[in-house]
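Under this note's numbering, the first residue of the sequence shown carries the number 5, and numbering increases by one thereafter.
The hints are simulated quantities; they were obtained by calculation from the structure and are not laboratory data.
Source: prediction; values computed, not measured.
Note that beta-carbon positions come from the ideal geometry of N, C-alpha and C, so glycine has one too.
A couple of the hints might just be wrong.
[To be verified] Straight-line Cα separation of at most 30 angstroms, DSSO-like style, residue types lysine-lysine; simulated pairs:
| hint | residue 1 | residue 2 |
| --- | --- | --- |
| 1 | Lys130 | Lys107 |
| 2 | Lys85 | Lys37 |
| 3 | Lys204 | Lys130 |
| 4 | Lys675 | Lys695 |
| 5 | Lys270 | Lys204 |
| 6 | Lys45 | Lys56 |
| 7 | Lys37 | Lys853 |
| 8 | Lys130 | Lys73 |
| 9 | Lys631 | Lys750 |
| 10 | Lys130 | Lys650 |
| 11 | Lys597 | Lys650 |
| 12 | Lys675 | Lys85 |
[Claimed, not checked] Label pairs and their computed distance ranges (CB to CB):
| hint | residue 1 | residue 2 | range |
| --- | --- | --- | --- |
| 13 | Gln886 | Ile752 | 35 to 41 angstroms |
| 14 | Arg698 | Trp222 | 55 to 61 angstroms |
| 15 | His468 | Asn494 | 15 to 21 angstroms |
| 16 | Arg466 | Ile188 | 27 to 33 angstroms |
| 17 | Asn494 | Asn164 | 21 to 27 angstroms |
| 18 | Met613 | Ile728 | 23 to 29 angstroms |
| 19 | Met613 | Ser391 | 32 to 38 angstroms |
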Amino acid sequence: MTFQGFSRPPECRYHCGTLYRFYWNESLWHIRKRSYIGKLKFSNFDAAPNGKRVFLATEENVVAALNLKSGDILWRHVLEKGSEGVIRFLSVDTDVVTVSGNKDTLLVRGWDPSGGILQWEWPLPKTDHRVEDTHWYMSGSKLYQVTPVALSHVEVTAYNVGTGGKISAHSVPAKWIADTSKCILTTSYLACVSTTIDGKTLFGVLDVMDSEEEAQFWSKPLSEFIGKTPLGPTVSVEPVPGPVPAVIMREAAGNNARYLVYLSPKGPQLFPKVLSDYTSVVTVVLEGQHVLLQASHSADVVEITAHVLETGETISELVGSTHAFPLGPSSLTAAVCKLVWVREEALSSIVAVEMLELPVSDTDAAIEQEFDHKETGILGMFVHRISSQIIQLRSSLMTLLGDRMSEGQSSGLVRDEFGLHKIIVAATASGKLFGIDNLSGEILWQRRLEDAAPFLDQTTDRKHMVLYIQRTTRHFPHPAQCLLLFQDKNTGKGSLFVFNPFTGQPTNEGLVKLGFRIKQSSLLHQPNKEFLRGVLLLDDSNNIHVFPESTREVAHNIAASTFLFTGENNGTLTGYTLMLSPSEHLLVTEVWKLHIDQPTIEVVGKNPMERVHSQGRVLGDRSVLYKYVNPNLVAVVTQAPDPLHKYLLSIFLVDVVSGAVVFSVVHKRAKGPVHLVHSENWLVYSLFNDKFRRTEVVALELYEGKTQSNTTAFSSVLSPIQPIVDRQAFILPATVEAMKETITEKGITSKHILVALSTGGVVELPWVFLDPRRPFTLTPEMREEGVIPYMPELPIPSESIINYNQTLMRIQGIHTSPSGLESTSLVLVYGLDIFYTRVAPSKTFDVLKEDFDYFLITVVLTALLLASYVTKKLSSKKALKQAWK
């Protein structure tokens, strides 16, 4: 969803207010952090006469204030996670009033409009009615709570908004309201649409501010009120933004026609004109007239029409105390309403992310092209070499003259010397794709995919899409290519989108509707002749598909060495291998099946980009303990209730090629959320210990022993050995939101664990703290090995928090990527905020320090060269003299 702001003359406030309601976006980026508030749910302008703020509540349980001129967040409060913090109501007067919570607890809070300080808070009385059916309305210092009770009445209760004291309470009979009725509150009017047993649709209205004696529900059959309409039996009702009470009704089945009803004190009145489904509407009061403004936005033109609500008469000119602007039959172009800021709030719900290397510069590309012209002969290659060197010479001269644009493409998207400059490709839950510069944070491109929805884990309610890098920039002149896998939100069937990660433009097939539900997907481990890696798709009927078709030959060639596995939520894991049918079609064959009989909540494999540099660990006695490095090992986490221990949390290490359970452990009275990191020969995961009410971190290390079974390549079939497992548990004095290990290009640098905490910090924990071999008593051999004594509680020093004082809210995940420097790992933390930085776990051993004395080293080297030359001369003279003796 985009949220846009427009610059305007004084008379442009009302119709621009309409656009604030329906649009959302942001493209600016600070040095490290970018803050968001999420998908819009409620909005209100500042009640002050010269107010320059807009107050918002979002589906991410955030209440915030934005600056109307810049779109910056003035203040923001993130409420409780889950249903406890769901914002049900927002109103702005002298205070910003919110109602949030669930059926068990509903809290009314008052916030200071200027600074967002919490002024007061009180709970609403608990009721047996559904909180989704309850509505609220503010009038002065009174908060009205309106609750329709099915087949009975409507309860109206008034509270003092500052103290929470009950002022009045009464009920209005309304036996025609059913559980399936649709009711909304617009200003002080409750409007309901209900279908009776005999199939009739009734429309009713109640003014909740009427006293108990005056309160009466006006109701009438919808067919008599609207007349002959295409509205079917299922009718939806929605409020119209603005100070004038009005509602819109339309058929829920998707009819584009909408009917507006003006709720006047004399009774509901049908607006004489049918509204289009493609316009935004808002009501305003100008010079005592109730006016309906309709706005439609296309390209750079905002078209606005104005009508009198009571009669439907078109207004060609509006005149007010501070307004006098013509609308004609009304077109309002960018000359009147100019876009001044954009907030891209879709980035608050990232579900898939990757970092890609940038392409080489034009000069480097010309050099690489020399090796692609071998068929031109020696003369042709010589001419090409001369021309490329002329280009290099011109580039060098332009650089010396200060023309930086000659160093690469004008966009600046050129690979730097150390590989620190990359592009971030992110997919969001709303179906938008983004390309972001990791250094400046600028949104380079964005694309919206229609009907795109993420996959939903039924056990954990976690949303995700799958983003594959089919070809990187290392294969010039072939462009980089990515593939995004998602599901159609209408049918639930799989879809994919193939695109260039640097432009966002579709390549080859572009958007493809697959026509089947996706059960599993995998990237082929070998590319085709064009360096493109195909994607295997397993559907719910266990049929295998290859995309794109040009990689099918590769899939046929490596079918015997390709394995897939699926994990069901009920704890059943199944392994498959590929085979060719007599008609040369790919088939899947079940190889193994594992029944754990516990609900699976997490399945984590190793990062396919990681490299294991050292195959063993040198001990204090100079012997080597070889690592159990199984690339086919995955960690399976299950959780189940237990009559004795309340909860059982189990971890299984499964070889997905053979189906063998390598190791398993059960934690009693422990539960999730579980965050897990699986790398090399170790596993680190966090859990909640229900017995001691604390978060614990468990580390496992697997070793083969002091003899290595296979020094060339690991085999899941020919290596039946059981690894030696070292394990240790630690207490973490914080709640974990996400975990991730650092990764580097060669795997030489020590790995650190990045732990995102609920307090908003991201802690960088060295592996030495999590080492399972930490002993209670330190021996000289252990000390020489570099192992520290065991301490049950893990320290969280402030200097290890990589985001310093920049608090990150609602962290959903951490993504790490290697850079061109072996010492440096790139880190992206995403959630309600986005944070980017670089970490060096083993310090920057491959980079000269900033205070390196170049002058001194130059003088020393020059002196050594001169000394060696003088010494050579003296030595030759001495040798000559010795020869004449």
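Verdict for Asn494, Asn164 (Cβ pair) under range 21 to 27 angstroms
violated, 47 angstroms
Between the alpha carbons of Lys45 and Lys56, is the straight-line distance 30 angstroms or under?
Answer holds: Lys45 to Lys56 is near 20 angstroms, not above 30 angstroms.
Pair hint Lys130 and Lys107, alpha-carbon separation not exceeding 30 angstroms
Given that 30 angstroms is the threshold and the Cα spacing comes to 7 angstroms, the pair holds.
Are the Cα positions of Lys675 and Lys695 separated by 30 angstroms at most?
holds, 10 angstroms
Measure nothing beyond the straight line between the CA atoms of Lys37 and Lys853; if it is 30 angstroms or shorter, mark the hint as holding.
holds, 26 angstroms
Mind checking the alpha carbons of Lys130 and Lys650 for me, to see if they're no more than 30 angstroms apart?
holds, 29 angstroms
Compare the distance between the alpha carbons of Lys130 and Lys73 with 30 angstroms, and conclude whether the hinted pair is satisfied.
violated, 41 angstroms
What's the verdict on Lys270 and Lys204, does the C-alpha distance respect the 30 angstroms limit or exceed it?
Measuring from Cα to Cα gives roughly 24 angstroms; hence the hint holds.
30 angstroms Cα cutoff - pair Lys204, Lys130
violated, 34 angstroms
Is Lys85 within 30 angstroms of Lys37, Cα to Cα?
holds, 22 angstroms
Distance restraint evaluation - Met613, Ser391, Cβ atoms, bounds 32 to 38 angstroms
holds, 37 angstroms
What's the verdict on Lys597 and Lys650, does the C-alpha distance respect the 30 angstroms limit or exceed it?
holds, 28 angstroms
Consistency note: the structure conflicts with the earlier hints numbered 3, 8, 13 and 17.
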